[in-house]
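Protein chains: 4
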Amino acid sequence: MAQNHLWGNGLEAGMDKLEQIKASLQKFADDRDWDQFHSPKNLSMALSVEASELVECFQWLTEEQSQNLAPEQLSAVKDEMADVQIYLLRLATKLNVNMVEAVNQKIEKNALKYPADKVKGSSKKYTAYGKESQTDSEK
Amino acid sequence: MAQNHLWGNGLEAGMDKLEQIKASLQKFADDRDWDQFHSPKNLSMALSVEASELVECFQWLTEEQSQNLAPEQLSAVKDEMADVQIYLLRLATKLNVNMVEAVNQKIEKNALKYPADKVKGSSKKYTAYGKESQTDSEK
Amino acid sequence: MAQNHLWGNGLEAGMDKLEQIKASLQKFADDRDWDQFHSPKNLSMALSVEASELVECFQWLTEEQSQNLAPEQLSAVKDEMADVQIYLLRLATKLNVNMVEAVNQKIEKNALKYPADKVKGSSKKYTAYGKESQTDSEK
Amino acid sequence: MAQNHLWGNGLEAGMDKLEQIKASLQKFADDRDWDQFHSPKNLSMALSVEASELVECFQWLTEEQSQNLAPEQLSAVKDEMADVQIYLLRLATKLNVNMVEAVNQKIEKNALKYPADKVKGSSKKYTAYGKESQTDSEK
Numbered sequence: 001m002a003q004n005h006l007w008g009n010g011l012e013a014g015m016d017k018l019e020q021i022k023a024s025l026q027k028f029a030d031d032r033d034w035d036q037f038h039s040p041k042n043l044s045m046a047l048s049v050e051a052s053e054l055v056e057c058f059q060w061l062t063e064e065q066s067q068n069l070a071p072e073q074l075s076a077v078k079d080e081m082a083d084v085q086i087y088l089l090r091l092a093t094k095l096n097v098n099m100v101e102a103v104n105q106k107i108e109k110n111a112l113k114y115p116a117d118k119v120k121g122s123s124k125k126y127t128a129y130g131k132e133s134q135t136d137s138e139k
Numbered sequence: 140m141a142q143n144h145l146w147g148n149g150l151e152a153g154m155d156k157l158e159q160i161k162a163s164l165q166k167f168a169d170d171r172d173w174d175q176f177h178s179p180k181n182l183s184m185a186l187s188v189e190a191s192e193l194v195e196c197f198q199w200l201t202e203e204q205s206q207n208l209a210p211e212q213l214s215a216v217k218d219e220m221a222d223v224q225i226y227l228l229r230l231a232t233k234l235n236v237n238m239v240e241a242v243n244q245k246i247e248k249n250a251l252k253y254p255a256d257k258v259k260g261s262s263k264k265y266t267a268y269g270k271e272s273q274t275d276s277e278k
Numbered sequence: 279m280a281q282n283h284l285w286g287n288g289l290e291a292g293m294d295k296l297e298q299i300k301a302s303l304q305k306f307a308d309d310r311d312w313d314q315f316h317s318p319k320n321l322s323m324a325l326s327v328e329a330s331e332l333v334e335c336f337q338w339l340t341e342e343q344s345q346n347l348a349p350e351q352l353s354a355v356k357d358e359m360a361d362v363q364i365y366l367l368r369l370a371t372k373l374n375v376n377m378v379e380a381v382n383q384k385i386e387k388n389a390l391k392y393p394a395d396k397v398k399g400s401s402k403k404y405t406a407y408g409k410e411s412q413t414d415s416e417k
Numbered sequence: 418m419a420q421n422h423l424w425g426n427g428l429e430a431g432m433d434k435l436e437q438i439k440a441s442l443q444k445f446a447d448d449r450d451w452d453q454f455h456s457p458k459n460l461s462m463a464l465s466v467e468a469s470e471l472v473e474c475f476q477w478l479t480e481e482q483s484q485n486l487a488p489e490q491l492s493a494v495k496d497e498m499a500d501v502q503i504y505l506l507r508l509a510t511k512l513n514v515n516m517v518e519a520v521n522q523k524i525e526k527n528a529l530k531y532p533a534d535k536v537k538g539s540s541k542k543y544t545a546y547g548k549e550s551q552t553d554s555e556k
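Protein chains in written order, with this note's numbering: chain A, 1 to 139; chain B, 140 to 278; chain C, 279 to 417; chain D, 418 to 556.
Bound-form chain A, shown alone (with noise of 0.2 Å):
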């Protein structure tokens, strides 16, 4: 992968910002001697943890309110935000996943699942529409 062509094409240069933060992650962890601790099933752990720690700054609030977070709510969601960033990327570092490929993956997958003509202003799960096997709900 190019890491240092910052002027290649798009595919490549989208990839490298990403690229220098797992380098980034990489040597934070090795500096630190933490790497032992980043198997994949402690990496989704930690991942989770952050995912409900951004829960956290909603669970009180209207739906409403978190549309207009006061400064100081949306710097601690930033923050969180970030934090599941960085667990995602470091899992993808260590299981080699292409962020970006699997993501346009997905959507095509879900455009699939949903069809916008069939689903258009519901929030039914795929398998209230048919039947299929998958667990994800996605909208």
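It is worth saying that the hints were derived from the structure and are not from the lab. Just so you know, even glycine gets a beta-carbon here, dropped at the ideal spot from N, CA and C. Warning: the hint list may mix true and false statements.
Partial pick of chain C residues on the chain A-facing surface, computed with a CB cut under 8 Å [said to hold, decoys possible]: (1) S326; (2) E334; (3) Q337.
The calculated label-pair distances, taken between Cβ atoms and stated as ranges, are [unchecked claim]: (4) D/A487 with A/E64: 22 to 30 Å; (5) B/K263 with C/L373: 34 to 42 Å; (6) A/D30 with C/E379: 50 to 58 Å; (7) C/D311 with A/Q36: 43 to 51 Å; (8) A/E64 with C/L373: 22 to 30 Å; (9) A/D30 with C/N376: 51 to 59 Å; (10) A/L95 with C/N346: 24 to 32 Å; (11) A/E72 with B/N237: 12 to 20 Å; (12) A/E101 with B/D169: 17 to 25 Å.
Based on the hints, put chains B, C and D in the right spot on chain A.
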């Protein structure tokens, strides 16, 4: 922000791939009239649900097994990682958060909370080292 | 439901301890005018946050270390387990759910989904054995 | 602990129903040779996954809709609540934790962290009132 300048400097070019995905996700939601469900509160819930579906992939595996996933296991893990990334980007769109900036700021904060010389090899939470008021456990 | 018949039959007597705790929790919320925040949606969020604080206790431990917790670790785990139980009981109050009944019904459903002779020693999700539509993985 | 004394005093009788369920759950696991997967670390993961399946029931509902669930929605919610309770009791068995005691102790701690006269009507986290070191947000 430079939407279509794929040959811009590293920072802007890195932002473009994420911006493209965010735009696809907004269109996906608009086509299905789903934006009404996308309050930040709801998006944080959906994100945490996907983070747990990722945990579910690993819950009965040993740490070693999690390092050696079979192809179908890795495929399921990739899908859940993508789902987490998708909701994180939707939330970033709604709250106008620049994920690359937020992550870089958080890495700096973490370096201060966990100075390498002090924490090397230990998984202790930073609060065990000194008196602080945040609730996160970074590693 | 028999509130104060502590000498009733097993089923009713078993319900009393839980009913007493549920009554304490309602009073706790009323004294603080917090009931306004306790929609089932919000309570589910708070419960999941506590469940993740429980996960956080174990995220960097090996499975073996998790079997041999130091006193202060066990104390922290107990507190988080209590927090999960508390929100579960608040939600049960709000939705008028009888937890003992719900659990016994679910154990029966699980026995059907996972017949002992078919699943012995395997951690495979029930969907790997046959075609079903639920999303849970019981073990 | 008095297993079959269904006519004992309130505290022991209250424990019996929970003890009976815990015994059923142990047998359920033993019949399937699943105990090997039930390290506290793994059980905490499974519990958090079920807590998120509970959140999933509510993620696209408004708070008001969550107060008025349709029968099939309530049925799904009950199942997930039961799943959370089941894993909580498995973990209590493994760690020898008395849930009734743990809950009563935590309610006392919460009363100290959130004195009614100070916090009435406010959803602020206790750390916003004073300097403390715990990470929970009780409400």
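These are the hints, each one checked on the structure:
1. S326: With Cβ-Cβ at 6 Å, under 8 Å, it holds.
2. E334: With a minimum Cβ separation of about 5 Å from chain A (threshold 8 Å), the hint on C/E334 holds.
3. Q337: 4 Å, holds
4. D/A487 with A/E64: 22 to 30 Å: Given range 22 to 30 Å: holds, Cβ gap about 24 Å.
5. B/K263 with C/L373: 34 to 42 Å: Between B/K263 and C/L373, where Cβ atoms are some 40 Å apart, the hint holds.
6. A/D30 with C/E379: 50 to 58 Å: For C/E379 against A/D30, whose Cβ atoms are near 53 Å apart, the range 50 to 58 Å holds.
7. C/D311 with A/Q36: 43 to 51 Å: 48 Å, holds
8. A/E64 with C/L373: 22 to 30 Å: Check passed, 24 Å falls within 22 to 30 Å.
9. A/D30 with C/N376: 51 to 59 Å: The hint (51 to 59 Å, Cβ to Cβ) holds, given that A/D30 and C/N376 are roughly 53 Å apart.
10. A/L95 with C/N346: 24 to 32 Å: Given about 29 Å between the Cβ atoms, the range holds.
11. A/E72 with B/N237: 12 to 20 Å: Since A/E72 and B/N237 have Cβ atoms about 18 Å apart, the given range 12 to 20 Å holds.
12. A/E101 with B/D169: 17 to 25 Å: The hinted range 17 to 25 Å holds for A/E101 and B/D169, with Cβ atoms some 24 Å apart.
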